[in-house]
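Enquirer: The lines below spell out each chain.
2 protein chains.
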Amino acid sequence: MIRHTVCFTLVHEAGSAEEVAFLTEGAADLAAIPGVHDFEVARQVGKGPHLFQFAMSFDGRAEYDAYNVHPVHQEFVATRWATEVADFTEFDFVPYERIS
Amino acid sequence: MIRHTVCFTLVHEAGSAEEVAFLTEGAADLAAIPGVHDFEVARQVGKGPHLFQFAMSFDGRAEYDAYNVHPVHQEFVATRWATEVADFTEFDFVPYERIS
Numbered sequence: 001m002i003r004h005t006v007c008f009t010l011v012h013e014a015g016s017a018e019e020v021a022f023l024t025e026g027a028a029d030l031a032a033i034p035g036v037h038d039f040e041v042a043r044q045v046g047k048g049p050h051l052f053q054f055a056m057s058f059d060g061r062a063e064y065d066a067y068n069v070h071p072v073h074q075e076f077v078a079t080r081w082a083t084e085v086a087d088f089t090e091f092d093f094v095p096y097e098r099i100s
Numbered sequence: 001m002i003r004h005t006v007c008f009t010l011v012h013e014a015g016s017a018e019e020v021a022f023l024t025e026g027a028a029d030l031a032a033i034p035g036v037h038d039f040e041v042a043r044q045v046g047k048g049p050h051l052f053q054f055a056m057s058f059d060g061r062a063e064y065d066a067y068n069v070h071p072v073h074q075e076f077v078a079t080r081w082a083t084e085v086a087d088f089t090e091f092d093f094v095p096y097e098r099i100s
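Residue numbers (this note's numbering), protein chains in the order written: chain A, 1 to 100; chain B, 1 to 100.
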């Protein structure tokens with residue numbers, strides 16, 4: 001299992017229709033891509049530098065790779081992400097295992 | 001519900017006994033503090049700047065505040081976190097709600 005998370009800040013004004021659209025319709029487009037599960041949209045309320053988060057899980061690397069090259073994801077990145085996101089940090093997590 | 005997450009890198013050598021101790025015994029100390037649930041330790045395998053993550057949930061702000069001032073947490077921060085963590089970023093999340 002891989003938990004893919006992206007924390008980001010949008011170029012849109014807080015509470016604007018454009019912000020809502022990105023966090024609802026935009027998220028829904030990504031969540032519908034095959035292999036994506038447990039897609040969550042969150043608001044960041046702590047000390048971190050970004051205001052929102054998309055998080056989603058994949059069963060493994062094959063599903064994650066398929067998502068990355070899926071046309072819906074590529075179009076989302078090229079059109080919405082490239083123009084609406086001001087700054088972001090991407091973290092991917094796997095459950096911890098002792099490595100020695 | 002508040003999901004408190006901290007992504008961090010340790011001063012310890014990868015795979016060292018000190019690294020394992022922080023990620024197991026250290027994590028267990030925090031996870032046992034009242035009000036903490038769904039405590040997870042993860043390895044970061046993406047593009048983010050840190051190698052590990054602790055994540056935990058609180059039912060609300062009161063439980064989170066109680067954790068912050070709990071003696072076990074304060075001792076952990078003063079002794080282990082202050083000396084074993086090289087760098088970190090803290091993000092706290094709440095489920096997204098439309099704000100307009």
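A few of these clues could be false.
Claimed, not checked - Some, not all, of what chain B presents toward chain A, calculated at C-beta under 10 Å:
1) 24
2) 45
3) 53
Claimed, not checked - Chain B is faced by these chain A residues, among others (derived, beta-carbon under 7 Å):
4) 7
5) 23
6) 26
7) 45
8) 53
What the hints assert, rightly or not - Beyond 10 Å from chain B on every Cβ pair, some chain A residues (computed):
9) 32
10) 35
11) 65
Source of the hints: derived by calculation from the structure; they are not laboratory data.
Every residue gets a Cβ at the ideal spot worked out from N, C-alpha and C, and that includes glycine.
Enquirer: It remains to establish, for every hint, whether it holds in the given structure.
Expert: Each hint, compared with the structure:
1. 24: Holds, about 8 Å.
2. 45: holds (5 Å)
3. 53: Holds, about 6 Å.
4. 7: holds (6 Å)
5. 23: Holds - the Cβ of residue 23 (chain A) comes within 7 Å of chain B, reaching about 6 Å at its closest.
6. 26: Result: violated, 12 Å to nearest chain B Cβ.
7. 45: holds (5 Å)
8. 53: Residue 53 (chain A) check passes; min Cβ-Cβ to chain B is 6 Å, inside 7 Å.
9. 32: Since the minimum Cβ distance to chain B is about 17 Å, residue 32 (chain A) lies beyond 10 Å and the statement holds.
10. 35: Given that every Cβ of chain B is farther than 10 Å from that of residue 35 (chain A), nearest at about 16 Å, it holds.
11. 65: holds (13 Å)
Violated hint for the displayed structure: number 6, the only one.
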